[in-house]
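Protein chains: 2
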Amino acid sequence: MSDLPSPKFDAPQLLRHHGQTVAAYFATLRKRYAGAPARLMESIEYSLMAGGKRLRPALVLESWRGCGGRSGGDGSLSRSALAAAAAIELIHTFSLVHDDLPAMDDDDLRRGRPTNHKVFGEAMAILAGDAMVTMAFEILASDADPAVVPALVRELAAASGPEGMIGGQVLDMEGENVQLALEQLRHLHRMKTGALLTASCRLGAIAAGAAGEVLQAMTDFGGHLGLAFQIVDDLLDVTSTPEQLGKATKKDAGKGKNTYPSLQGIEVSRREAADQLAAATKAIETLGPAAEPLRTLARFVVQREV
Amino acid sequence: MSDLPSPKFDAPQLLRHHGQTVAAYFATLRKRYAGAPARLMESIEYSLMAGGKRLRPALVLESWRGCGGRSGGDGSLSRSALAAAAAIELIHTFSLVHDDLPAMDDDDLRRGRPTNHKVFGEAMAILAGDAMVTMAFEILASDADPAVVPALVRELAAASGPEGMIGGQVLDMEGENVQLALEQLRHLHRMKTGALLTASCRLGAIAAGAAGEVLQAMTDFGGHLGLAFQIVDDLLDVTSTPEQLGKATKKDAGKGKNTYPSLQGIEVSRREAADQLAAATKAIETLGPAAEPLRTLARFVVQREV
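As you go down the protein sequences, you meet chains A and B in turn. The first sequence maps to residues 0 to 305 in numbering that gives the first Met the number 0. The second sequence maps to residues 0 to 305 in numbering that gives the first Met the number 0.
Quick caveat, the hints were computed from the structure, so don't treat them as lab data. Errors might be hidden in some of the hints.
Treat identical chains as interchangeable: a pair holds within one or across any two.
[What the hints assert, rightly or not] In silico lysine to any residue, SDA-like type, Cα no more than 20 Å apart, as pairs: (1) K117 to E173; (2) K254 to A122; (3) K52 to F8; (4) K30 to L170; (5) K117 to A102; (6) K117 to M103; (7) K30 to A277; (8) K117 to P101; (9) K254 to G120; (10) K30 to R153.
No experiment lies behind these values; they were computed from the predicted model shown.
All chains, please: the whole structure from these sequences, using the hints.
Written as structure tokens, this is what we have:
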């Protein structure tokens, strides 16, 4: 399954194909970490295999293709692109497990199932999250081409850390029950969700050997896509049911969180999401037909129902 | 301060010197992460600057010297060794912050001060710990010689992860109120504390370009030292007061934890610590006088009062 899907696939087909690729990779972790306590690996697998959209790995692999990454003679993906796809999904999953903890968002439901700490207990959920971070970096350092390991590790670590996702979570927490200006909300989301989505695109590009203008184009694409993603996420929290979303809804308002709809209304938010989609598409127009699946994924992000 | 101390220093002098080197490095983090939320960086600094022994950075830097690492013309350490020293202390500190959480060991006191979550709240302590992990890998990937980055990242990640420190914490948790055999206790500690101490020695060796027999000697040294360290830690928990140790004592027994003294008595434990020290020293006898500070540190680990 470690090959590229047809560029003509629609977004659900692309996501399914890349999702299977990354799931097959995750299925090898139990053997790879044979010396680890069984219950820890169960807790990690429980969350890794919970069936998310796998949007970030798909972005890594399609950014790799869009930047000229070529499969081997047997059609297989480069080890660097595959390692980056698995690593970013590990980081994303870790962040969900820790976000759901009682001390954080205190959520009982995630992707339609009990959250990790509800099943494995709080201590194990903390440790499973911690372990996923170390595994992400171990996989990158072991499996990617050594020539790109420093850049890949730097990219993933920076996007996850104090100036990226984790910093954004702190701002999110500090912003509860405080009225933020729109520019502050954008800043928060550029860190909290934007950094990892942008990194998905940049990791794929770096694995393909991209630099200069091409890497900048992927950075811009990821930035606009990240903002669009968060606006749509906020909209879905207002307009969906828990059954559709697989997690609690309407919780942003209940927690006094700032959202795009709460700051500028539903209609303006929808328009801004569409504008960000247009800007994302424009950023990669020079990449030609190899980047068509990236455009398909970007449209999906903005137009998805759940 | 980024130079090597006199090899004739005693252990407190060596630790003070290397401690100042790593503290000076940590003092640059606020500027390096200027885009991070201030409160997050405060929480991270609170724990990083709490004045631990800095044993792991000292082991990195002395292993580097023992394996032939040479200072630059200005006496400065290699960037790789310094980055590895800072990275391993970040990982060690993260593990303390998460270990102290209410869902884990629920400790109020660490190094004589309130624990991180007592000061900054549980959510911030979780996020600060998470951030320290990403920072460790970012520093390694950015500051070390690119030629050794893959090996350094792999080493640190493996020692921290499911088959290393985090796996050991899970075993420790699972072993509470269960009678372990001595071999199971040794296995637990090889993971929980031994992995990171061994990695300290190996990181320094790798930064110095060591391989083959020399790297193996450092691995053996670190393994024996790690076991000795844990036995002494268990002994100190029984024989010290909280004032001496800067944290709660006698808590192992209260929690139904297995320890060397509880399984084999105080005298046999003391003898085993001495045997491990002898084995550690023997492992690096071929390294000659450049490894003398490593022997000094090993003796300190076993003979320390607190």
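Evaluation of the provided hints:
no.	hint	verdict
1	K117 to E173	between (25 Å within a copy, 17 Å between copies)
2	K254 to A122	between (25 Å within a copy, 15 Å between copies)
3	K52 to F8	within (16 Å within a copy, 57 Å between copies)
4	K30 to L170	between (38 Å within a copy, 19 Å between copies)
5	K117 to A102	both (13 Å within a copy, 13 Å between copies)
6	K117 to M103	both (14 Å within a copy, 15 Å between copies)
7	K30 to A277	neither (44 Å within a copy, 36 Å between copies)
8	K117 to P101	both (10 Å within a copy, 16 Å between copies)
9	K254 to G120	between (24 Å within a copy, 18 Å between copies)
10	K30 to R153	between (27 Å within a copy, 17 Å between copies)
Figure legend: structure checked against the earlier numbered hints; the only hint not met is number 7.
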